[in-house]
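A.B. asks: Whole structure, please, built from the sequences with the hints as guidance.
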Amino acid sequence: GQNIDQPTEMTATEGAIVQINCTYQTSGFNGLFWYQQHAGEAPTFLSYNVLDGLEEKGRFSSFLSRSKGYSYLLLKELQMKDSASYLCAVRGDSWGKLQFGAGTQVVVTP
Amino acid sequence: GAGVSQSPRYKVAKRGQDVALRCDPISGHVSLFWYQQALGQGPEFLTYFQNEAQLDKSGLPSDRFFAERPEGSVSTLKIQRTQQEDSAVYLCASSLVDSSASPLHFGNGTRLTVT
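Chains as they are written, first to last, in my numbering: chain A, 1 to 110; chain B, 1 to 115.
One should not assume that every hint holds.
Quick list of the computed label-pair ranges, beta carbon to beta carbon [said to hold, decoys possible]:
| hint | chain 1 | residue 1 | chain 2 | residue 2 | range |
| --- | --- | --- | --- | --- | --- |
| 1 | A | Gly28 | B | Ala2 | 30 to 36 Å |
| 2 | B | Ser7 | A | His38 | 18 to 24 Å |
| 3 | A | Ala39 | B | Arg15 | 22 to 28 Å |
| 4 | B | Gln17 | A | Phe29 | 40 to 46 Å |
| 5 | A | Gln19 | B | Tyr10 | 31 to 37 Å |
| 6 | B | Ala53 | A | Gln19 | 36 to 42 Å |
| 7 | B | Glu68 | A | Phe45 | 24 to 30 Å |
| 8 | B | Ala53 | A | Asn30 | 17 to 23 Å |
| 9 | B | Arg64 | A | Glu77 | 29 to 35 Å |
| 10 | A | Asn30 | B | Arg9 | 29 to 35 Å |
| 11 | B | Gln17 | A | Asn21 | 28 to 34 Å |
| 12 | B | Ala20 | A | Lys76 | 42 to 48 Å |
| 13 | B | Lys57 | A | Thr13 | 41 to 47 Å |
Here are the simulated lysine-lysine pairs, DSSO-like style, with alpha carbons at most 30 Å apart [said to hold, decoys possible]:
| hint | chain 1 | residue 1 | chain 2 | residue 2 |
| --- | --- | --- | --- | --- |
| 14 | A | Lys81 | B | Lys11 |
| 15 | B | Lys78 | A | Lys97 |
| 16 | A | Lys97 | A | Lys57 |
| 17 | A | Lys57 | B | Lys57 |
| 18 | B | Lys11 | A | Lys76 |
The hints are simulated quantities; they were obtained by calculation from the structure and are not laboratory data. Source: prediction; values computed, not measured. For every residue, glycine included, the Cβ atom is placed at its ideal position computed from N, Cα and C.
C.D. replies: Below, the structure is given as structure tokens:
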């Protein structure tokens, strides 16, 4: 079967760094996406990885290891507005079917 | 408009009623997707269109669910004889091109409550 696993919740302090891990087992691989979703709002695109390595975009970075079926999203200099659910999603063999994990709720405390 | 627009924002239906959910994708976007999101879960794929062609409907949970995009822009997701287990947020997304790297842009969703 196909599986995408990420922790349910993480708590961190304002200004700190948090790393959200995602492991996946899918039929084929055509890229991994990270989305941010605030409660009651649309998921918004953060990053895309298809090759191994680190992609950096401001305070957010995403890493991929295809051989390990593993990715992480790194959030630096945490701000209160970063409190949200972070969704890992994989595009497998079926192009149109982006498969999502259950999401990691990040709680940023003062 | 600048983003994906969905209507209605909230819908309450009595069990057994039919509902229709509308999605206006970003202008010019080729691909359109429907997802179902239960509380505390990630979005679950329902179906996807490339222009007016429905290329994958493997995620539709039963034959009570039907989606169309007749002119390759606006799409409607119809649920017949709604059941309580249909209660969820229904998200629509669009993407510009048919490329693996092309991200999905989501609307705010329609929250369906079946009583």
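A.B. asks: With reference to the structure, classify each hint as holding or not holding.
C.D. replies: Structure-based check of all given hints:
At about 33 Å, the CB distance of A/Gly28 to B/Ala2 agrees with the hint of 30 to 36 Å. Range check, B/Ser7 to A/His38: about 20 Å between beta-carbon atoms, so the 18 to 24 Å window is met. For the pair A/Ala39 and B/Arg15, the beta carbons lie near 27 Å from each other, so the given range of 22 to 28 Å is met. Between B/Gln17 and A/Phe29 the Cβ separation comes to about 41 Å, which falls inside the hinted range of 40 to 46 Å.
The supplied range of 31 to 37 Å is met by A/Gln19 and B/Tyr10, whose beta-carbon atoms lie about 36 Å from each other. Between B/Ala53 and A/Gln19 the beta carbons are some 41 Å apart, a value that agrees with the proposed interval 36 to 42 Å. Under the hint 24 to 30 Å, the C-beta atoms of B/Glu68 and A/Phe45, about 26 Å apart, fit the expected range. Distance hint for B/Ala53 and A/Asn30: a CB-CB separation of about 20 Å, consistent with the stated range 17 to 23 Å.
Between B/Arg64 and A/Glu77, the C-beta spacing of about 47 Å breaks the proposed range 29 to 35 Å. For A/Asn30 and B/Arg9, the Cβ-Cβ distance of about 33 Å falls inside the hinted range of 29 to 35 Å, so the restraint holds. Taken as a hint, the range 28 to 34 Å is violated for the pair B/Gln17 and A/Asn21, whose Cβ atoms sit roughly 42 Å apart. Our hint of 42 to 48 Å for B/Ala20 and A/Lys76 holds, since their Cβ atoms are close to 44 Å apart.
With their beta carbons about 45 Å apart, B/Lys57 and A/Thr13 fall inside the hinted range of 41 to 47 Å. Between A/Lys81 and B/Lys11 the CA atoms are separated by roughly 29 Å; this keeps the pair inside 30 Å, and the hint holds. Proposed proximity of B/Lys78 and A/Lys97 is supported: the alpha carbons are some 20 Å apart, at most 30 Å. In summary, the hint linking A/Lys97 to A/Lys57 is supported, as the alpha carbons are separated by about 25 Å, within the 30 Å threshold.
For the given pair, A/Lys57 sits about 34 Å from B/Lys57 by alpha-carbon distance, which is inconsistent with the 30 Å threshold. Between B/Lys11 and A/Lys76, the direct Cα distance comes to roughly 38 Å. Violation of the 30 Å bound is thereby established for this hinted pair.
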